[in-house]
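J.: Each chain, written out:
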Amino acid sequence: MLAKRIIPCLDIRSGRVVKGTNFEGVRDVDDPVSLAKFYNDSGADELVFYDITATVEGRSLFTDVLKRVAGEIFIPLTVGGGINTLEDFDRVLKSGADKVSVNSGAIRNPSIIEAAAKRYGDQCVVLSMDVKRVDGRFHVFSKGGREDAGLDAVEWARRGQESGAGEIVVNSIDTDGVKMGFDLEMLTAIGNVVSVPIIASGGAGCAEDFVTLFKTVPSADAGLAASIFHYKEVAISELKELLRNNDIIVRR
Amino acid sequence: MTAVVDYGVGNLFSLSGSLKAIGADSVITSDPEVLSRADRIILPGVGAFADAAERLRATGLVPLLCEQAESGKPMLGICLGMQLLFDKSFEYGEHEGLGLIPGEVRPLTESLPSGTKVPHMGWNSLSFPKESPLFRYVSEGESVYYVHSYYAVNCTPDTVAVSDYCGVSVTGAVQRGKVFGTQFHPEKSGRTGLAILKAFTEV
Numbered sequence: 001m002l003a004k005r006i007i008p009c010l011d012i013r014s015g016r017v018v019k020g021t022n023f024e025g026v027r028d029v030d031d032p033v034s035l036a037k038f039y040n041d042s043g044a045d046e047l048v049f050y051d052i053t054a055t056v057e058g059r060s061l062f063t064d065v066l067k068r069v070a071g072e073i074f075i076p077l078t079v080g081g082g083i084n085t086l087e088d089f090d091r092v093l094k095s096g097a098d099k100v101s102v103n104s105g106a107i108r109n110p111s112i113i114e115a116a117a118k119r120y121g122d123q124c125v126v127l128s129m130d131v132k133r134v135d136g137r138f139h140v141f142s143k144g145g146r147e148d149a150g151l152d153a154v155e156w157a158r159r160g161q162e163s164g165a166g167e168i169v170v171n172s173i174d175t176d177g178v179k180m181g182f183d184l185e186m187l188t189a190i191g192n193v194v195s196v197p198i199i200a201s202g203g204a205g206c207a208e209d210f211v212t213l214f215k216t217v218p219s220a221d222a223g224l225a226a227s228i229f230h231y232k233e234v235a236i237s238e239l240k241e242l243l244r245n246n247d248i249i250v251r252r
Numbered sequence: 001m002t003a004v005v006d007y008g009v010g011n012l013f014s015l016s017g018s019l020k021a022i023g024a025d026s027v028i029t030s031d032p033e034v035l036s037r038a039d040r041i042i043l044p045g046v047g048a049f050a051d052a053a054e055r056l057r058a059t060g061l062v063p064l065l066c067e068q069a070e071s072g073k074p075m076l077g078i079c080l081g082m083q084l085l086f087d088k089s090f091e092y093g094e095h096e097g098l099g100l101i102p103g104e105v106r107p108l109t110e111s112l113p114s115g116t117k118v119p120h121m122g123w124n125s126l127s128f129p130k131e132s133p134l135f136r137y138v139s140e141g142e143s144v145y146y147v148h149s150y151y152a153v154n155c156t157p158d159t160v161a162v163s164d165y166c167g168v169s170v171t172g173a174v175q176r177g178k179v180f181g182t183q184f185h186p187e188k189s190g191r192t193g194l195a196i197l198k199a200f201t202e203v
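In order, the protein sequence lines correspond to chains A and B. For the first sequence, my numbering begins at 1 and goes up steadily by one. For the second sequence, my numbering begins at 1 and goes up steadily by one.
One chain only, chain A, in its complex shape (with noise of 0.2 Å):
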């Protein structure tokens, strides 16, 4: 059977990885080979980085960490922000990505979604929403979950879906970084209405909340965490272990 996947998000800016909470606060963690080479050698499943960066310099210095990791680590890359064309998707998969994930670049203009799936096929594309609630609703939020772009969120993942998305990244603002476990309401709202792969992010605390995870989510595919793996309070092989032992199917 198809594993759960566990997936550390490395968030890049000039070259180092970063962590932020509530997506404001950015602190230093650490060099970016030598923390996807550690994860590689936990047992990660696979590795996304996101450039949040902006300035042209800081892009270039994005795409060379990129080809130093692809050329080291042999498990799935996935590669998100600022992407925005079907330029931005060739440059990131001609230095090592095999998916690339678009965010705000969709709200946008959405027609990229579809574009980018004629062109390099479904797998490659995944949509990766920021969602809030708002009234009682789920909203997509674009620019780094600073504005609500006015989109229904179980609307658009269908809509991303229909339009060539091969993959659906659910990141809750309300989670984010509060260490609580994963948003599983709005992840299973979303998962109900999509068929393709689901990767829930934020709001891991413990090794405990993604086993939450995959028992009430089961559209869920994989976990997506950052700073519990960053800091070490979580092991990805102690993690995997523990999913094991509850009869979650990992890799080994």
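Hints in this document: simulated from the structure, not taken from any laboratory. Hints are not guaranteed to be accurate.
Quick list of the computed label-pair ranges, beta carbon to beta carbon [to be verified]:
1) THR188/A x ASP51/B: 36 to 46 Å
2) ASP51/B x ASN109/A: 18 to 28 Å
3) VAL193/A x SER36/B: 51 to 61 Å
4) LYS232/A x SER139/B: 27 to 37 Å
5) THR59/B x ASP135/A: 52 to 62 Å
Short derived list, chain B residues pointing at chain A, Cβ under 7 Å [unchecked claim]:
6) TYR7
7) ASN11
8) SER14
9) GLY17
10) PRO119
11) SER143
12) GLU187
13) LYS188
14) GLY190
15) GLY193
16) ALA195
Listed below are the simulated EDC-like cross-link pairs for lysine to aspartate or glutamate, each with C-alpha atoms no more than 16 Å apart in a straight line [unchecked claim]:
17) LYS118/A x ASP51/B
18) LYS20/B x GLU72/A
19) LYS118/A x ASP90/A
20) LYS198/B x ASP39/B
Since the model is a prediction, treat every value here as computed from it, not as a measurement. For each residue, glycine too, the CB sits at the ideal point set by N, CA and C.
For this one, chain A is given, so just place chain B on it according to the hints.
T.: Chain B in isolation, oriented as in the chain A frame:
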């Protein structure tokens, strides 16, 4: 020397990196002379079957690849590269492959229970219906990375690895003589994948 066939399909970054990581000399090429001289050949591939088959034919390399395979040179097709080794594929129509391994490529959706997620994407564990030198360093139950919506059928005699996906026994790897194919991506399958590539370079 391992030659990786360059026919403009897919990203060869990881493949050449992983060959380097296992200490194998490799070259990415579409030069017939280099391919003829190489000790072994890898045929990569992503995307749609018809498009890839057409691009490969356009290079003029198909007769050479078939001749090299028939002369006993080790060859490994990866993902769509494996699918190209079969007689034909039913991905959007009916298209001819290289015919090096008897069998055909059909949509997973024909066999899977309705509602199952397609593509079959992610890590799945291997079991081995037959012994193959390709898996000499790998144990049953180790996982490899798959991304595909079509799979090889009617190839049981040559099937050397399978993975179970929602009750369907997905052809994971085939071998006929020294022609091998893996539906999964060894260059994306971590340590297990590197061990499989290493075994291939020792065939």
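J.: Each hint needs a verdict: does it hold in this structure or not?
T.: Each hint tested on the structure:
The given range of 36 to 46 Å is respected by THR188/A and ASP51/B, whose C-beta atoms sit roughly 38 Å from each other. Taking 18 to 28 Å as the suggested C-beta distance range, the pair ASP51/B and ASN109/A conforms, at roughly 26 Å. Range check, VAL193/A to SER36/B: Cβ separation about 54 Å, and the 51 to 61 Å hint holds. One distance hint, 27 to 37 Å for the beta-carbon pair LYS232/A and SER139/B, holds here, with the actual separation near 29 Å.
About 58 Å separates the C-beta atoms of THR59/B and ASP135/A, a value consistent with the hinted range of 52 to 62 Å. Annotation: TYR7/B was flagged as interfacial toward chain A, and the flag is violated, the nearest CB pair being 17 Å apart, outside 7 Å. The beta carbon of ASN11/B is positioned within 7 Å of a beta carbon in chain A (closest approach about 6 Å), and the interface hint is therefore held. For SER14/B, the interface hint holds, since its Cβ comes within 7 Å of a Cβ in chain A; the closest pair sits about 6 Å apart.
Because the closest C-beta pair between GLY17/B and chain A is about 4 Å apart, less than 7 Å, the hint holds. Restraint check, PRO119/B versus chain A: the minimum CB separation of about 5 Å is within 7 Å; hint holds. At its closest, the beta carbon of SER143/B sits 4 Å from a beta carbon of chain A; the interface hint therefore holds under the 7 Å criterion. Contact between GLU187/B and chain A, as hinted, is supported at the beta carbon level, the nearest pair being about 6 Å apart and thus within 7 Å.
At a threshold of 7 Å, the smallest CB-CB gap from LYS188/B to chain A is about 5 Å, leaving the interface hint in force. Hint status for GLY190/B relative to chain A: holds, with the closest Cβ pair at about 5 Å, below 7 Å. Taking 7 Å as the C-beta cut-off, the interface hint given for GLY193/B holds, the closest approach to chain A being about 6 Å. Interface hint status for ALA195/B: violated, as the beta-carbon distance to the closest one in chain A is roughly 11 Å, over 7 Å.
The straight-line distance between the Cα atoms of LYS118/A and ASP51/B is roughly 12 Å, inside the 16 Å bound, and the hint therefore holds. For the hint linking LYS20/B to GLU72/A, the alpha-carbon distance of about 9 Å falls within 16 Å, and the restraint holds. For the given pair, LYS118/A sits about 13 Å from ASP90/A by alpha-carbon distance, which is consistent with the 16 Å threshold. Restraint check for LYS198/B and ASP39/B: the C-alpha separation of about 14 Å stays at or below 16 Å, so the hint holds.
Consistency note: the structure conflicts with the earlier hints numbered 6 and 16.
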